Amino acid sequence: MSITMLKPTKLCSFPPELLLNIFELAADSYDPQREPSIDVGNQSPWTKDLRVRKAIVRVCRIWREVALEGIYHRVYLHRVGQLCALVKMLEEKVGYRAWVRHIHGSLFVQQNWEKIYVRSVVKLLTLCPSCKSLSWRIAWDGDFNAPSSALSSLIGILCVGNLAKSTFLSSGTLCSLQKLKISLDFISFAIPDKKLSWALLPNLEDLTCEARQPFILSTLDIILHKIGMPNLQRLTIIVPRTTSKSVLSEKQVASICSSLERHGSSLSFFALDILAITENIGIGLGEIVNLAPNLVSLRFPAIALSASALSSAFESLREIELYAFDQFEVETPETYNPGNLTHFLDLAANRSKFPILQCLILCDQVNFSAPFDGLIESSCRDSAFQYFLSWTKKFRELGITLLQVDRKPLISIDQERWNGWTANGKDNGEPIVEDEFTELSDSSYIYESAESDLDFSSDSDSVATIHSIRSIEALEIFESTVEDEFADLESHGSEDSDGV
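At the far end of the sequence shown sits residue 500, using UniProt numbering, and the numbering has no gaps.
It should be emphasised that the hints constitute simulated quantities derived from the structure, not laboratory data. Owing to the predicted nature of the structure, the values given are computational and were not obtained by experimental measurement. Warning: the hint list may mix true and false statements.
[Said to hold, decoys possible] In silico lysine-lysine, DSSO-like type, Cα no more than 30 Å apart, as pairs:
{"no.": "1", "residue 1": "K179", "residue 2": "K226"}
{"no.": "2", "residue 1": "K93", "residue 2": "K54"}
{"no.": "3", "residue 1": "K123", "residue 2": "K251"}
[Claimed, not checked] Taking CB as the label site, the calculated pair distances span:
{"no.": "4", "residue 1": "N231", "residue 2": "D346", "range": "32 to 40 Å"}
{"no.": "5", "residue 1": "R351", "residue 2": "F108", "range": "48 to 56 Å"}
{"no.": "6", "residue 1": "K394", "residue 2": "S265", "range": "32 to 40 Å"}
{"no.": "7", "residue 1": "G286", "residue 2": "H225", "range": "55 to 63 Å"}
{"no.": "8", "residue 1": "P371", "residue 2": "P293", "range": "56 to 64 Å"}
{"no.": "9", "residue 1": "D414", "residue 2": "R119", "range": "24 to 32 Å"}
All residues carry an ideal CB built from backbone N, CA and C; glycine is no exception.
Turn these sequences into a full structure, and let the hints steer you where they fit.
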């Protein structure tokens, strides 16, 4: 049996830098706007990303040397067995440790696995000196089942037990960590202060704390008083929307204010994503500006607008993102009520309160990715469009951009043109087919232009007229134009065949 040696293909001979860019383009399915998120499942983007990366390293030795680092760049863990295997591999292969830059964990921890889990997490956090972001939570069956010990939570691991007492921690993950997302769900029970130790995250810049119920927000005090974060710049507090109505107690509001009081002077970004609250949130713009005067970007729900008045100005605020659309109510079939949004828009237009504001983003509390068109009832679209169109023009004069989801304009230029055209048509008595929320392009209009590629005959007077979309006249013109073009092509084809 003869063995045939295959020569390397041209693609294998590319420089490593170029190959690395090709691999990243082919395999990276991760959305940086959702980072640090935890998506576990066969259909999640990271699964596809990991599958492609594993296939790349099996192609040839050259590709393996280039692409192997990419497999460990972003690590996802959703079983204790995976955690133990990763720790064992990092202990044996020291060179792999520097490749781990992002760790995402969402694990189901049984009680008999708890000691192994805690020991493995401690080792993992000491074996990854180049890790930049850490997202961690414990997944349990049911909404309120808690582990038997506070050690199972990441906060418990950081502040209780062996990790806080480790002498070799100075070279571990906590020193290099820049972004941290943790779940507060399973440390809601009290941990005795005498068991808590001090933990330091010297380079942490971005902290996200998520709780599935508002009452768990009281555990923010543990993070604030037992974890040092001298360089914290971004703080996000999340309570997802639930079906039950919830309110914040005075203790929970005090925890939020305490977090701002402790770190507010250094914060450039603050997000209060407490979407489960349907009544007065207890904290408003007045408290935020007093506790965090140097904010550059702010995100909060519209329910916080009525909490307090704004007594002083946001001198450094450039961007505001408001969960606003869920607050709207329909009073009559054709009238749209923006609620307290009008008061806030008036406030945002006040340059004495927001002297350097550049961007205002409006989105929905429930469907974060839903565009403006899909958030308005069809019976109220006309009045809602006119309402936001007037505010768009007013903010434009002030140098402020009104945006929606994905940072797209709330009212596009095409929509403004369409609105002005239909308004003129109504004044002239022309029949207009109105669809003010249809995205228009240059092909939506028919102009008489000397530079046009189409040569219209002079007897077609209707061509010089601007026709509405979906009108019969526009359809007839399109059909006749296509027929003429096909006739010309057929005539040219027959001439070419005759010449041959």
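_Index of numbered hints that the structure contradicts, given in increasing order_ = Of the numbered hints given earlier, those the structure breaks are 3, 7, 8, 9, listed in rising order.
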